[in-house]
Amino acid sequence: MQDQPHPHEIVASVAEFLRAESHSTFQLRVAANALDIAHRQLELSPGADVTELARLTALLEHGGALTGLNRELAQAIASGAMNLSTPGLAAHLWETTLAKLAVDQPAYSGYRAALRTLRQTYPSTSSG
Amino acid sequence: MIVDASSSAIVTERALNAIAGRIVAGASAVTNLRRLSGGASQELWRFEVAIGDRSIPAILRRAPGGGRVSPASVGPEMEARLMSAAGARGVPVPPVLYVLAPEDGLGRGFVAGFVEGETLGGRIVKTEALASARAVLARQCGQILARIHALDANEFPGMRRFTPLELLDEWQAAYRATGTPRPVFELAFRWLRANCPNPPERPRLVHGDFRNGNLIVGRDGVRAVLDWELAHVGNPMEDLGWLCVNSWRFGAMEKIVGGFGELVDLFAGYEAEGGAADFASIGWWEIFGTLRWGVMCAGMPHAFREFDRTVERAVIARRASETEIDLMRLLTAHPAH
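Read top to bottom, the protein sequences are chains C and U. Numbers in this note's numbering are just positions in the first sequence, counted from 1, shifted up by 401. Numbers in this note's numbering are just positions in the second sequence, counted from 1, shifted up by 920.
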């Protein structure tokens, strides 16, 4: 499940920014980065959401909507009912987090490092 | 809403002109006022104070819009007091020149001397010109932190106090208030609670935001420590762990301390200056710091929607996931609980 603000909010804030009188180079670069995030999310999240939903359905043994299932998973971890030794949980959290980074910051050092390590641990790991 | 930046600058310049003599005795005007980018929680303005044929570069650090001070912040007046006290104890800080008074018409904030140097973390970890600084930065940071932690916390009444467990409660409540479920954050809170250090025997004044990005660095190393607004009283290891959070390594992940140095040098500098702390808990404080930055980012969509609809704010909000990938790496490397 991707983070917020949503792509439509990001795009609207960039449009508002571009209508201002003056822009520094720094601000323009931030605006371009913001549009990149929105762009990547529109491109990648439909597919990532489908696989995340399938993993959550398997983990929690029932279906539902992404937010509701994530809330249930969060509660299961908070209560101690699930932890990193629960079969499938670590793999699910890695996959879900990688899918977020592929949208938010594909150049982030921690993401690049995780991809290198996880390709060995979980060969099916998507490259993002 | 389109902010009329030019009229805001004119108002600010007029008000600064009126107090030029209070900023630097004998001065009659300020020149070259311009707003600096960066500083999501503070307005930063640079200008020169004209006195005779000299001009003294200065910075106005002001609450956004003059008055919006976050509840987590000590407020600009206390920030200025902390900087002055730290400066007197050998901590490099920009010299505080003047603290704004209500009748100045500029809101809350203070004026400090401008310190030349690099503040951008990405350049500090990469640029060839600062290679000599990188060789000494970790040790210097240790020394500086030991001096900050030696300040007498009782001199600053009203400062918030936290045991490690209270910090967890505070940040867990902030996370819950975002309303968005994050299974990775839940794992981290769970691990931090199960492994929580005892309260320190002697609580210390903690800077609260001591990291690459809040330091002015020259070829000789740290020239000034900035951004004291999150200071509080607590465990000194909090500052050391925060400096090691991967987000502040700016891509130089292999250099654990700020993307520029090694833990052994940080600890050696800390001890050389008389500092004593539970170095063995550095891993706990790194995970806590990573989660804390994550919760800060996770709270940004609310700020974006309610009072700061800027692109910068939106982009910082989308940095929450970087802490999730770092937490996964750190938590899977530690024994499960």
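No wet-lab data here; the hints were simulated from the structure. Quick caveat, the model's predicted, so the values are computed rather than measured. Careful: at least some of the hints might be erroneous.
[Unchecked claim] Cβ-to-Cβ under 10 Å is the rule here; a few derived chain C residues that face chain U: (1) Asp404; (2) Ala477; (3) Asn484; (4) Pro488.
[Stated by the list, open to error] A few chain U positions that, by computed beta-carbon distances, are all more than 10 Å from chain C: (5) Arg942; (6) Glu1023; (7) Gly1037; (8) Arg1043; (9) Pro1117; (10) Arg1139; (11) Ala1192; (12) Gly1203; (13) Val1235.
[Claimed, not checked] Simulated coverage check for chain C against chain U, where a stretch passes if three residues somewhere in it have a Cβ under 8 Å from a Cβ of chain U: (14) 425-432; (15) 443-450; (16) 456-465; (17) 489-499.
Quick reminder that beta carbons are idealized off the backbone N, C-alpha and C, glycines included.
(request) Hint by hint, work out which the structure violates, then give me just those numbers in ascending order. (result) 4, 13, 15, 16
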